[in-house]
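Asker: Here are the chains, one letter per residue:
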Amino acid sequence: MTVFDPSDDSVVVVIGSGAGGGVLANELAQAGVDVVCLEAGGRLGLSDIVNDERVMDERMTWHDQRIGEGLLNPRFPAWMCKTVGGTTMHWTATSVRLSAHEFRAKTSYGIPNSSAIDWPLTLEELEPYYARAEAKMGVSGTNGLPPLPMNNNMKLLAAGARKLGYKHVTSTGVAINSAPYDGRPQCQQIGFCKSGCVIGAKWSTLYTEIPKAEETGHFELRPNSMVLQIEHDAKGRVSAVVYADETGALQRQRARAVCVAGNAIETARLLLNSNSSLFPDGLANGAGQVGKNYLKHVVVGALGFMPGEVHSYRGAQQGGHIADEQRNDVSRGFAGGYQIESAAFSPLAVARIGFGGEWGAGLADAMEDYTRIAATFITGEDVSQGGNGVRLHSDLKDQHGLPVPIVHYEDHENASPMRAHASNSAKGLFESLGARRVVPFKVNMATHNLGTCRMSAAPEDGVCNNWGRAHEIDNLYISDGSQFSSSGSANPTLTIVALAIRQAAHIRERMAAGVL
Amino acid sequence: MTTVIRRDFILTTAAFAGLAALAGCSREEEETPEQAEDFDALAALIFEMFPHQGLDQSVYDEVAERARARLSMREGWERMKDEGLAALNAAAGAPWPSLSDEARIEATESISKTPFFKTVYQAALFEFYSHPAVWAYVGYPGSSAEKGGYLHRGFDDIDWLPGASQ
Chain A
1 MTVFDPSDDS VVVVIGSGAG GGVLANELAQ AGVDVVCLEA GGRLGLSDIV
51 NDERVMDERM TWHDQRIGEG LLNPRFPAWM CKTVGGTTMH WTATSVRLSA
101 HEFRAKTSYG IPNSSAIDWP LTLEELEPYY ARAEAKMGVS GTNGLPPLPM
151 NNNMKLLAAG ARKLGYKHVT STGVAINSAP YDGRPQCQQI GFCKSGCVIG
201 AKWSTLYTEI PKAEETGHFE LRPNSMVLQI EHDAKGRVSA VVYADETGAL
251 QRQRARAVCV AGNAIETARL LLNSNSSLFP DGLANGAGQV GKNYLKHVVV
301 GALGFMPGEV HSYRGAQQGG HIADEQRNDV SRGFAGGYQI ESAAFSPLAV
351 ARIGFGGEWG AGLADAMEDY TRIAATFITG EDVSQGGNGV RLHSDLKDQH
401 GLPVPIVHYE DHENASPMRA HASNSAKGLF ESLGARRVVP FKVNMATHNL
451 GTCRMSAAPE DGVCNNWGRA HEIDNLYISD GSQFSSSGSA NPTLTIVALA
501 IRQAAHIRER MAAGVL
Chain B
1 MTTVIRRDFI LTTAAFAGLA ALAGCSREEE ETPEQAEDFD ALAALIFEMF
51 PHQGLDQSVY DEVAERARAR LSMREGWERM KDEGLAALNA AAGAPWPSLS
101 DEARIEATES ISKTPFFKTV YQAALFEFYS HPAVWAYVGY PGSSAEKGGY
151 LHRGFDDIDW LPGASQ
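Protein sequence lines, in the order shown, are assigned to chains A and B.
Counting in our numbering, the first sequence runs from 1 upward without gaps.
Counting in our numbering, the second sequence runs from 1 upward without gaps.
No wet-lab data here; the hints were simulated from the structure.
Just so you know, even glycine gets a beta-carbon here, dropped at the ideal spot from N, CA and C.
Hints should not be assumed to be uniformly reliable.
[As the list claims (entries may be wrong)] Taking lysine-lysine pairs in the BS3-like style, the calculated list, with each CA pair at most 30 Å apart, reads:
id, chain 1, residue 1, chain 2, residue 2
1, A, 442, B, 113
2, B, 118, A, 397
3, A, 442, B, 147
4, A, 427, A, 163
[To be verified] With beta-carbon atoms standing in for the labels, derived distance ranges:
id, chain 1, residue 1, chain 2, residue 2, range
5, A, 400, B, 31, 20 to 30 Å
6, A, 43, B, 74, 27 to 37 Å
7, A, 2, B, 56, 52 to 62 Å
8, B, 58, A, 55, 35 to 45 Å
9, A, 307, B, 37, 44 to 54 Å
10, A, 327, B, 86, 51 to 61 Å
11, A, 43, B, 90, 52 to 62 Å
12, B, 34, A, 358, 27 to 37 Å
13, B, 31, A, 74, 30 to 40 Å
14, B, 93, A, 399, 23 to 33 Å
15, A, 442, B, 93, 30 to 40 Å
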């Protein structure tokens, strides 16, 4: 196993091992670049994964204290992961490309009361990297892989979609093996992918990028390593990171470049915590944009109480989607679009999101219909607002002595008409098939965290450029969903992976040119 | 629910009771009569929250046990519980668990906006609907990984959709 010396300043330090960090690290290592990957969580093996969301939530979720404000739960958990593989462990694998208009949020939508910008990047520029991401991840319907076989819940959604006249109904676009691929087996339709895939049929960096990087001899993973601060030299270039190892002892790893991929809350928090006399408001924060423009997706969901058995717990948790509403069509009364996705929920999740707060015979009767419940989960474009974001608590500290993050989120006025439209679509889908009852979710936000260190053409509008390189610091990169200039409607992982592949190519070119 | 599911659930419940005994947390051994009375009231309140008529009382007892373990770690829980149960008895005008179904529901309704009720509800909801016996009762069989998933066991067996094809 490769081990790098803490004083070795030729290594690239990647913080985080999920969709952004895990992919970036492997892409660099494959090209012969030495990488130290620091991951706050521990390393599970496939045998540590069990098909039980409660057990796995304990093992994988980031449970450190956070404070929510605005619409967020005060004990806002954000449901991201603290484990090798990051959120690729609990994601449900929907892998849909953003549309061209979604890269131009400002121009396409022209929304008032928004800090929206266009991406300094077009769909056309990202397309080759989307293709490479799909090949890497084994996305169904690409690279010779058939669509994922439709399970009951997805068949039901597709039947409803046909009744409503939707055309783009598909079980392609899922990063779950529809056939054996890349040394990993075909999906066995185990269900509740959110707990982690017991057989590794769902793509996760834990058993793809990370071991592949290790085989190169150019990569060292250090799990249980929580980065506390990024340091810089007198010229303002980053030079090292300080982290707490598994014993809590502080370590310092020197670096030629640092790539931050800690998920949008922790990435922003780390930059804010890395303030210094040269960067008094935190690294890369000269324009005051670090932690701003926090995006989630506008989420709508519904449970359909169907006339026959559905057994939605059987098979891939998100086994396909309807893309017809991804378009931008202001005649619907809102800007941007949304994805209608098949989704399954455990009894606990049904009770919480459908009926949280309710009790008595009504709740019990509804729960006894569990096997006849179909469900959909809809994610829609969120609109950037400067006031949504991450900041540091003035005196509350975590177990490492770091200020606890406060995360603030309010809906934009575009959300309400989008929700109404999407709810109506969900209701129509289920009712077209004879649903006796449709129950909208009481929880209305995705676990997707985006935009807090966004890319921008103008340095004053964001934190990094179109390669994810900090505007202010030549050798500091943002490598996760924090980079997103806007949310788009689609689940973000595929785009994060495509950006990481592209960023790795850029870093290698700069190294080859002798400028990094 | 079918008898097969009932049998599964009894087995599961027995397994859990066994675990609880092994862990030395059998409540009968340690409790005062007052504590036992409070516990029974808590279990009865959890039944009112999630009244599945065919589910065995032992499941409510287990959920109450787990919820109590969780709640007793909260600061101020003892006082909140004493006041909450007293309010329930006061609303009922008699020891609450002894009332008729309708009267119990009415008394529960009268305290349903209190912090006590909400606190118990949050803890109990989590423990109740993640309990394997409750899963089995509502028709979720639990982990399928050790059975090879549903690829050959009906993941796509829906047969009542209009125009559905394999």
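Asker: So if I understand the rule, the pair passes when the alpha-carbon distance is 30 Å or less; does residue 427 of chain A with residue 163 of chain A pass?
Answerer: Holds, at about 12 Å.
Asker: I want to verify a distance hint. Is the separation of the beta carbons of residue 93 of chain B and residue 399 of chain A within 23 to 33 Å?
Answerer: With a Cβ separation near 49 Å, residue 93 of chain B and residue 399 of chain A fall outside 23 to 33 Å, so the hint is violated.
Asker: Sort out whether residue 147 of chain B lies within 30 Å of residue 442 of chain A, counting only the CA atoms.
Answerer: Status violated; Cα separation ~33 Å.
Asker: State, for the Cβ atoms of residue 31 of chain B and residue 74 of chain A, whether the hinted interval 30 to 40 Å holds or is violated.
Answerer: 35 Å, holds
Asker: At the C-beta level, are residue 2 of chain A and residue 56 of chain B separated by a distance inside 52 to 62 Å?
Answerer: 56 Å, holds
Asker: Determine whether the Cβ-Cβ distance between residue 307 of chain A and residue 37 of chain B falls within the hinted range of 44 to 54 Å.
Answerer: 45 Å, holds
Asker: Would you mind confirming whether the straight-line C-alpha gap from residue 442 of chain A to residue 113 of chain B stays at or under 30 Å?
Answerer: With Cα atoms ~18 Å apart, residue 442 of chain A and residue 113 of chain B stay inside 30 Å; holds.
Asker: Per the hint of 35 to 45 Å, is the separation of the Cβ atoms of residue 58 of chain B and residue 55 of chain A within bounds?
Answerer: The hinted range 35 to 45 Å is violated for residue 58 of chain B and residue 55 of chain A, with Cβ atoms some 22 Å apart.
Asker: Does the Cβ-Cβ separation between residue 400 of chain A and residue 31 of chain B fall within 20 to 30 Å?
Answerer: 41 Å, violated
Asker: Taking 51 to 61 Å as the hint, is the beta-carbon distance of residue 327 of chain A and residue 86 of chain B inside that range?
Answerer: Taking Cβ atoms as reference, residue 327 of chain A and residue 86 of chain B lie about 59 Å apart, which means the hint holds.
Asker: Honestly, do residue 43 of chain A and residue 74 of chain B meet the 27 to 37 Å range at C-beta?
Answerer: Holds, since residue 43 of chain A and residue 74 of chain B (Cβ atoms, about 33 Å apart) stay within the stated range.
Asker: Would you mind confirming whether the straight-line C-alpha gap from residue 118 of chain B to residue 397 of chain A stays at or under 30 Å?
Answerer: Measuring from Cα to Cα gives roughly 29 Å; hence the hint holds.
Figure legend: structure checked against the earlier numbered hints; hints not met, in rising order: 3, 5, 8 and 14.
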